[in-house]
Every structure is written in structure tokens, then in C-alpha cells.
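S.K.: Sequence:
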Amino acid sequence: MAILIVAVLVLTWMQFRGAFDEKTQLTVLSNRSGLSMDPGSKVTFNGVPIGRLTAVGVADVDGEQQAQLTLDVKPKYLKLIPENVTAELKATTVFGNKYISFVAPDNPSSARVDPSIPIRAKGVTTEFNTLFETITAISEQIDPIKLNETLTATAQALDGLGEKFGQSIVNGNDILSDLNPRMPEIRRDIAGLADLGEVYANAAPDLFDGLTNAVTTAHTLNEQRGNLDQVLVAAVGFGNTGGDIFERGGPYLVRGAQDLLPVSANFDRNSPALYCMIHNYAEAAPKFAQQTRNGYAFELHDFLVGAPNAWVYPDNLPRVNATGGPEGRPGCWQPITKDLWPAPYLVMDTGASIAPYNHFELGQPLVTEYVWGRQIGEHTINP
23 MAILIVAVLV
33 LTWMQFRGAF
43 DEKTQLTVLS
53 NRSGLSMDPG
63 SKVTFNGVPI
73 GRLTAVGVAD
83 VDGEQQAQLT
93 LDVKPKYLKL
103 IPENVTAELK
113 ATTVFGNKYI
123 SFVAPDNPSS
133 ARVDPSIPIR
143 AKGVTTEFNT
153 LFETITAISE
163 QIDPIKLNET
173 LTATAQALDG
183 LGEKFGQSIV
193 NGNDILSDLN
203 PRMPEIRRDI
213 AGLADLGEVY
223 ANAAPDLFDG
233 LTNAVTTAHT
243 LNEQRGNLDQ
253 VLVAAVGFGN
263 TGGDIFERGG
273 PYLVRGAQDL
283 LPVSANFDRN
293 SPALYCMIHN
303 YAEAAPKFAQ
313 QTRNGYAFEL
323 HDFLVGAPNA
333 WVYPDNLPRV
343 NATGGPEGRP
353 GCWQPITKDL
363 WPAPYLVMDT
373 GASIAPYNHF
383 ELGQPLVTEY
393 VWGRQIGEHT
403 INP
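If you number the sequence shown the way the numbering used here does, the last residue is 405 and the count never jumps.
If you are wondering where the hints come from, they were derived from the structure by calculation, not from laboratory data. It is possible that some hints are incorrect.
Unchecked claim - Restraint-style ranges between C-beta atoms, simulated for each label pair:
1) Gly219 x Ala307: 55 to 63 Å
2) Asp281 x Leu250: 53 to 61 Å
3) Asp217 x Lys45: 33 to 41 Å
4) Gly188 x Leu250: 43 to 51 Å
What the hints assert, rightly or not - List time: in silico EDC-like cross-link candidates among lysine to aspartate or glutamate, alpha-carbon distance up to 16 Å:
5) Lys64 x Glu110
6) Lys101 x Asp136
7) Lys96 x Asp60
8) Lys309 x Asp290
Computed from a prediction, not measured in an experiment: that's the story for all the values here. Here a beta-carbon is modelled for each residue, glycine too, at the ideal position from N, C-alpha and C.
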């Protein structure tokens, strides 16, 4: 009977400890586990207990000693934990034991945690034990007498300046309040400074070469300082003379610049036509040079044509309505060849164009008209 009671108690205790629960082991790696991380510490996911810590060990990861924490987690929770879960080692209270906290990230991955892949812990809460140990180690290195002298000197320096010191703290707080909203811009500026530093680092050899050459230039200037003084004195004299000339001729220079404005505007307006003229001259110059290639005679292939009709009043009164040429209109004509004959004729409203003639006739006036005068009709362009 006693054995049966003991067996029931043992089974009850084992069930209470979770010995019969199905478990899956996860591994967490951290730079350190702290002083208050003991087996049996709870494991949570978003604040919900999902398992217990079973062992704390040491693992060699890439040549570095890491704390290895083995966890027993209930399998039903594994399908809820994303692969990119955040693991932290936190403390329940200031002096309390630590526990492992899993927190789902803002953008959890679709993949779930794999028991065969260790999870990296992002942070470990510092215990007061460690803080006191650090303070004690620092205190052991400080001479109490010198520390007392330093604190006494500080107190004497601040004696009577409490109001100003407090105002300085208030002003510092105001400055920090202004800086806090600008932290994103400051971070971007710091990143930009890093890029700028990299640029200067890459250009450092050239910069130092320039400084070395500048040293040589400085030596040369030092050796030639006498000649340099003479040049500067001459430049001052030239400047005085030139200043007097420009001062007297200033109005004329201004008037000349004003007079050049319409001329330059006309050149700008007719620049396409000027280009065509220079282009045509460039093509005609070699052909013209061929006419004098023998050195003593000028060769021509020419023929005589009759004079055009005399001007007719009032049809041929001068007019200035011609347009074209500027802005590239109608453009540069291509060279006149047998394939482009007769040559194109640009019709312009100048009063002396052949375009109005719409019929064939003998040239006017006839020879007889010079003797007996015109006998039939008026002398017009299109009778």
C-alpha cells in the first residue's frame, strides 16, 4: 500500500513538472546569459508562457564563446513563432530572475522557426549585480583622497553659481528639445559625412601630391620674391594707368556697347544665312582656285545673255516685303548641278521679281520701240 501511495505521489509530481508533456527543444545563442538565468526559467511568446529553460551552456561560434540556452517549448506553439522572431533575455524585476522573451516582429515571415537552427538573442538586461560589480571595480582604481579633492574643488567652483548652473541645464534641455525633432536629418547628415570622408580618403594620395607640389611652388616663390615684388609694383602702376583710361573712356565704351546691341541682334537674326554664305564660300573656294592653277591666266567658261526687261511703272516700284533667310528659312541650297537645273528661284516681294510674269514674249522694249515708240497697248508686266 505504501509503495502504491509513493508511486501516485511520484507520478503526480512528474505530471506537475511536465514530464509527460510533449516538448520540442529550441536553442538560443547570446553573447552572455547573465547571473540570474537558471534552468526552469520561463519562456514566453508575446507575453504568453510557451515553455521552460532546461540548460545553460557554452558554445563556440565562429571562434567566439557564446552562451547556449536550451529551451523546452510545447510543439503547438511552434507554428505560431515566425522564423525572424526577436529573442531577448529579460528580468522580471530589478533583482529578479531572468526569462527568455520571444516577440513577433512588425513584419513576420511566413516561415516558422526550425528547431535545428539556433535563434540569436538581440539583447540582455543588465542585472544590478553586474552594475555593482562594475562600480566596485572602478572604485578600486580611484584614490579616495584624490576623489575627495576633486569633489571639493568642484563644489567650490560651483559655490554661488547654483542659479546659473540650473539655468545652463534648462538651456541645455531646450537645445536638446530642438535637436530631437531634427535627429533624422542629423543622421542623414552624418551618413553624408561618412560618404564625404570616403571620397576624401580615396582622393588622399592626390591631395598629398598636390601639397607636395605646393611646397615646391612655395620655395620657388620665396626664391623669386624680388621679381614678384617688381611684378606687383608694375601691376599697380599698370592698374592705375588702365583705371584712368577706362575712367575717361567709360562713357564711350558704354555708348559703343549700346550701339553694338542692334548690330549683334541683326547678326543673331541672320546667323543661319551667314552660315549658309560661309558654307557656300568654303565649297566655291577650291573651284575658284582651279581657275588660276596655271599661275598667269584666269580661266572662265561663260556666255552672253540679253538684259532683262526694263522696269515697268508702277509694277516694279521698290518694295521691302521680302522675308526668309534668317532662322534657316529656306535653308542652304544644295549645289547646283545638271540634276538641279534650272536653279531654284526664291520668290521675294521686292518689286523686281520674275515671278509675276505668266506668259512668253519677246524681250521688251523692242528695238523698233526705241525708234517709233510703243504702238500697241501699255508697257506692263502682263499685258
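S.K.: Could you run down the list of hints and mark each one as holding or not?
M.R.: Each hint, compared with the structure:
1. The hint said 55 to 63 Å for the Cβ distance between Gly219 and Ala307, and at roughly 60 Å that hint holds.
2. Between Asp281 and Leu250 the CB atoms are about 41 Å apart, so this pair departs from the stated range of 53 to 61 Å.
3. Checked against the given bound of 33 to 41 Å, the beta carbons of Asp217 and Lys45, roughly 51 Å apart, lie outside it.
4. Range check, Gly188 to Leu250: about 60 Å between beta-carbon atoms, so the 43 to 51 Å window is missed.
5. In summary, the hint linking Lys64 to Glu110 is supported, as the alpha carbons are separated by about 12 Å, within the 16 Å threshold.
6. Under the criterion of a C-alpha separation no larger than 16 Å, the hint pairing Lys101 with Asp136 is consistent with the structure, at around 10 Å.
7. Of the pairs offered as hints, the one joining Lys96 and Asp60 is violated, with about 19 Å between alpha carbons and a cut-off of 16 Å exceeded.
8. Annotation: proposed proximity of Lys309 to Asp290 is violated, straight-line Cα distance about 30 Å (limit 16 Å).
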